[in-house]
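Participant: Here the protein sequences line up with chains A and B, keeping their order. Take the first sequence: its letter number 68 is residue 68 in my numbering, and every next letter is one higher. Take the second sequence: its letter number 87 is residue 87 in my numbering, and every next letter is one higher.
Honestly, the hints are just simulated from the structure, not real lab data. Just so we're clear, the structure is a prediction, and the values are computed from it rather than from any experiment. Yeah, the Cβ is synthetic: ideal placement off N, Cα and C, and Gly gets one too. Keep in mind that the hints are not guaranteed to be accurate.
[Claimed, not checked] Reference listing, derived: stretches of chain B covered by chain A, where coverage requires no fewer than 3 residues with Cβ under 8 Å from a Cβ of chain A: (1) 67-81; (2) 181-190.
[Stated by the list, open to error] Distance condition first, Cα-Cα at most 20 Å in a straight line; then the derived DMTMM-like pairs of lysine to aspartate or glutamate: (3) B:K16 x A:D76; (4) A:K305 x A:D135; (5) B:K16 x A:E61; (6) A:K288 x A:E306; (7) A:K303 x A:D135; (8) A:K188 x A:E238; (9) A:K288 x A:D299; (10) A:K188 x A:D178; (11) A:K288 x A:E271; (12) A:K303 x A:D230; (13) B:K16 x A:E270; (14) A:K303 x A:D161; (15) A:K188 x A:E160; (16) A:K188 x A:D230; (17) B:K16 x A:D83; (18) A:K303 x A:E243; (19) A:K232 x A:D178; (20) B:K16 x A:D161; (21) A:K305 x A:D83; (22) A:K288 x A:D30; (23) A:K288 x A:D258; (24) B:K16 x A:D59; (25) B:K16 x A:D75; (26) B:K258 x B:D209; (27) B:K16 x A:E113; (28) B:K16 x A:D115; (29) A:K305 x A:E238.
So you can see what is in the structure, the chains are spelled out below.
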Amino acid sequence: MGALRLAEYSEKGGVGKTSVTNGLAAVAGDRGMRVLVIDLDSRATASKELGVPIPEIGDPEIFTLNDLLYVNPGDDDPLDPTDAIADTIHPAGESWPSTVRVLPGERKLANREADSGPIEMRLRQGLRAVAGEFDVILFDLPPRPSGKLVTAGLAAAEGEDGGGGVLIPATLTTDGLDGVTQALRTVKQMRQGYSPTLSVAGIVRSIVPRDRELRAIHREFDRQLFERVDPKLGPWGEMVLGEPLPAVASSSGEADADVRYLVRQYAIREEARFAQVPITSAPGREAKRLVATYGEILDLLLKRKENR
Amino acid sequence: MSSLIKQGRGRSGLSKAPEGDPAAPPPEIALPEPRPGEASPGAGGVLAAPGEAVERLREAVPRPYEPVSDGDLLGAQERRDLTTCEAALEHLRLAFWVAGRALQVIRDARLYREAHATFEDYCLDRWSMSRPQAYRLISEWSLAERLLAVSPMGDKVSERHVRELLPVATVHGDDAAELVYATVAQADGVRVTAELLRDVVAIVPTQWDPAAAVLIIREFLDRDGQGDGGSVGRRSPFQTQTTRVRTGLADLATRLRKGKGGDPEQVRAFVADARRLLDQIEQSMS
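Next comes chain A alone, as it looks inside the complex (with noise of 0.2 Å):
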């Protein structure tokens, strides 16, 4: 069985992408499992939090995503990706489990969004050298409408023997709605082309505040998550991981703590990131609970996986 590729893609910033997807590499890298996160993000946030000397702040030399797309237009015989790809694959920091490996991003990637060539497939294409070598693959995607690199990204994701997903990380605020919709407009606009068989993993309900003030208008907009439908993809609510907020908060937000799948707001989860260290190394209760949670998710897509 070929590995778990997971691409977590929002149109909208800030709704939790590189956190789920450095979350759920630090988890699955905790159990053992071979982990390659790509970094299709031209700010890098995922490969600098994965301790990677990225040519802006360590190795000017190291190899990125950017040389693995790039083509010269002089070339006449272009590099395979498949032989280049080796070269791009680079070990966490020493802080991650020795089993994660990022294909990382750079500052000079965004110069790909308006490359003439047709590099859309390339990573995808390098990925058959390699993707044998990883349980889990994923994606940490720009926030974007399509474009090459997004197209690059959901392209790989699907996979060769099909059943990629993608994972939409939504804030429950009009922003990760807004984000959900468009998500799922290039996840059609993928199948009607590059990648027909990309399926939609999972709305992942992220950064969810326990802020008690805010807690109304999150369970009005988690409301609509559930009830809103797409004419192709189906009932948002079918997609969403995990079962609604309860209608009315208890004031400890004890109940909220039985919603599984959620992914909270914690400050734990921004200073793993600011010390570049997985969030399976924090301490502390909250960390604990945000570590329970991404295993949950990846359990749950395992599962889904073997039952395809």
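Once you've looked at the hints, dock chain B against the given chain A.
Facilitator: Just chain B now, with coordinates in the frame of chain A:
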């Protein structure tokens, strides 16, 4: 773990993509050669399309990003970004007089005539700019160019400096405004600010006499602690206010002596009122 990803590492022939930063400054905008017979080639080229230079500059300035390092020294890319951002600010600082010169060219050569009957119509329609605004920019640019030439601060003449000097240029001409500026700028230890120039302009005599003006300005700077290491920051609000009142009264006295005053009854009422206020000030000291 992965035997495969070690296999072949470094032997693929992969090389770093040679392109630069996507937000790096674009190459200089190539301006066409001046037409034969043009009086002042200088910077008198023509951009291919309105807004092209601004658009290129906008594209060149990077998007905001998080610090990439905690170190004190900037990396090569950070240094390039700083240069680009400072270039943008430099454009902002000098744009006002470039705009003024452009407006004058359009007005004097009647380049607006294809679509507009008058220069005023053109300014309002094309740039939502009123006539006074347009003419102020035109007045400022020529003065700015002169001040740039005499300023010991090089190109640090700001729009506000020029604006404070415009009343002198309007009444006495650009030579007078340039002399006022040069007298202030070349005084020892004086930091030229718009506020200081406003105070200096306020004491410039109504009747223009270059030698007398220089003396008055120097006395003002010495009296108010501006010279010899002084700075505008050392002036109190009281000093600023009394300077203006004194200058205003002196100007009024000169006008009255020359018979340019208003109704004698009104003058007498003003003098009585002023005397009463001065008495109040004096009494407040006791």
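Participant: State for each hint whether it applies.
Facilitator: A quick look at each hint next to the structure:
1. 67-81: holds (count 4)
2. 181-190: violated (count 0)
3. B:K16 x A:D76: 17 Å, holds
4. A:K305 x A:D135: Distance ~12 Å between K305 of chain A and D135 of chain A Cα, so the pair holds.
5. B:K16 x A:E61: 7 Å, holds
6. A:K288 x A:E306: Not OK: K288 of chain A and E306 of chain A at ~27 Å, beyond 20 Å, violated.
7. A:K303 x A:D135: 13 Å, holds
8. A:K188 x A:E238: The given pair, whose Cα atoms are some 17 Å apart, holds under the 20 Å limit.
9. A:K288 x A:D299: Holds, at roughly 16 Å.
10. A:K188 x A:D178: Status holds; Cα separation ~16 Å.
11. A:K288 x A:E271: Satisfied, since the Cα-Cα distance of roughly 14 Å is no more than 20 Å.
12. A:K303 x A:D230: It is violated: about 25 Å lies between the C-alpha atoms, which goes past 20 Å.
13. B:K16 x A:E270: It is violated: about 32 Å lies between the C-alpha atoms, which goes past 20 Å.
14. A:K303 x A:D161: Given that 20 Å is the threshold and the Cα spacing comes to 16 Å, the pair holds.
15. A:K188 x A:E160: Status holds; Cα separation ~19 Å.
16. A:K188 x A:D230: 10 Å, holds
17. B:K16 x A:D83: Between K16 of chain B and D83 of chain A the Cα gap is close to 15 Å, so the pair holds against 20 Å.
18. A:K303 x A:E243: 18 Å, holds
19. A:K232 x A:D178: 17 Å, holds
20. B:K16 x A:D161: 31 Å, violated
21. A:K305 x A:D83: 29 Å, violated
22. A:K288 x A:D30: Answer holds: K288 of chain A to D30 of chain A is near 13 Å, not above 20 Å.
23. A:K288 x A:D258: 15 Å, holds
24. B:K16 x A:D59: Between K16 of chain B and D59 of chain A the Cα gap is close to 12 Å, so the pair holds against 20 Å.
25. B:K16 x A:D75: 14 Å, holds
26. B:K258 x B:D209: 17 Å, holds
27. B:K16 x A:E113: 17 Å, holds
28. B:K16 x A:D115: 16 Å, holds
29. A:K305 x A:E238: Within the cut-off at roughly 16 Å; holds.
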